[in-house]
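Enquirer: Sequence:
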Amino acid sequence: TRYGAYYVLSGSRKDSNAEWVAGADVAVFANGSSDHAAPIFQSILTNARLVRLGLDKQVSVTVHPFPQTAFEQDSLERMAVFLLAIYITFCLSFIPSGLM
Numbered sequence: 028t029r030y031g032a033y034y035v036l037s038g039s040r041k042d043s044n045a046e047w048v049a050g051a052d053v054a055v056f057a058n059g060s061s062d063h064a065a066p067i068f069q070s071i072l073t074n075a076r077l078v079r080l081g082l083d084k085q086v087s088v089t090v091h092p093f094p095q096t097a098f099e100q101d102s103l104e105r106m107a108v109f110l111l112a113i114y115i116t117f118c119l120s121f122i123p124s125g126l127m
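Residue numbering for the sequence shown follows the numbering used here, beginning at 28 and increasing consecutively.
Hints may be right or wrong, so weigh each one.
Straight-line alpha carbon distances no greater than 25 Å define the calculated SDA-like cross-link-like pairs of lysine to any residue that follow [stated by the list, open to error]: (1) K84 with T73; (2) K84 with R105; (3) K84 with Y34; (4) K84 with A57; (5) K84 with Y33; (6) K84 with F109; (7) K84 with I67; (8) K84 with I71; (9) K84 with S70.
For each label pair, taking beta carbons as the anchor points, the in silico distance ranges come out as [as the list claims (entries may be wrong)]: (10) F121 with S70: 53 to 63 Å; (11) D52 with D83: 24 to 34 Å; (12) T89 with S60: 38 to 48 Å; (13) C118 with T89: 37 to 47 Å; (14) F117 with L36: 38 to 48 Å; (15) S120 with V86: 51 to 61 Å; (16) I113 with A75: 47 to 57 Å; (17) L80 with F109: 28 to 38 Å; (18) L80 with V108: 52 to 62 Å; (19) V86 with N58: 17 to 27 Å; (20) L119 with T89: 16 to 26 Å.
Hint data in this document are derived by calculation from the structure and do not stem from the laboratory. A virtual CB, placed ideally from N, CA and C, is assigned to each residue, including glycine.
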């Protein structure tokens, strides 16, 4: 899901001037169940600020997971072998009970 919100903590404009203030404080509320939500919402906010400032620039976000470490890979392989052994043991336990 792509739900999120922005909450402006301080005004984005000066009272005497309608110009955009670049240092407006904003809280970004992003969906915590998505790993990509926070950087994407921050990118959208930054791009909106750049447009309001009249700058011809754009921020892009690329999010990739880190490669697995040797320990993580070894743990995953051990868990897979353990679950496979449990699965085979569970399946083979029904053959003798069905013959009786």
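Enquirer: Now, for every hint given, state plainly whether the structure supports it.
Expert: Hint check:
1. About 10 Å separates the Cα atoms of K84 and T73, which keeps this hinted pair within 25 Å; it holds.
2. Taking the CA atoms of K84 and R105, the gap is about 48 Å. The hint is violated against a cut of 25 Å.
3. Our distance criterion of 25 Å between C-alpha atoms is met by K84 and Y34, whose separation comes to about 24 Å.
4. The suggested pairing of K84 with A57 holds, with an alpha-carbon distance near 24 Å, which does not exceed 25 Å.
5. Proposed proximity of K84 and Y33 is supported: the alpha carbons are some 21 Å apart, at most 25 Å.
6. Under the criterion of a C-alpha separation no larger than 25 Å, the hint pairing K84 with F109 is inconsistent with the structure, at around 52 Å.
7. Between K84 and I67 the alpha-carbon distance is near 16 Å, which keeps this suggested pair within the 25 Å criterion.
8. For the given pair, K84 sits about 13 Å from I71 by alpha-carbon distance, which is consistent with the 25 Å threshold.
9. Annotation: proposed proximity of K84 to S70 holds, straight-line Cα distance about 12 Å (limit 25 Å).
10. Remark: the range hint 53 to 63 Å for F121 to S70 is upheld by a beta-carbon distance near 54 Å.
11. The supplied range of 24 to 34 Å is met by D52 and D83, whose beta-carbon atoms lie about 25 Å from each other.
12. Distance hint for T89 and S60: a CB-CB separation of about 20 Å, inconsistent with the stated range 38 to 48 Å.
13. Checked against the given bound of 37 to 47 Å, the beta carbons of C118 and T89, roughly 44 Å apart, stay inside it.
14. Between F117 and L36 the beta carbon distance is about 56 Å. The supplied range of 38 to 48 Å is therefore violated.
15. Between S120 and V86, the C-beta spacing of about 58 Å keeps the proposed range 51 to 61 Å intact.
16. For I113 and A75, the Cβ-Cβ distance of about 52 Å falls inside the hinted range of 47 to 57 Å, so the restraint holds.
17. With their beta carbons about 56 Å apart, L80 and F109 fall outside the hinted range of 28 to 38 Å.
18. A hinted range of 52 to 62 Å for the beta carbons of L80 and V108 is consistent with their spacing of about 57 Å.
19. Under the hint 17 to 27 Å, the C-beta atoms of V86 and N58, about 20 Å apart, fit the expected range.
20. Distance hint for L119 and T89: a CB-CB separation of about 48 Å, inconsistent with the stated range 16 to 26 Å.
The structure shown violates the earlier hints numbered 2, 6, 12, 14, 17, 20.
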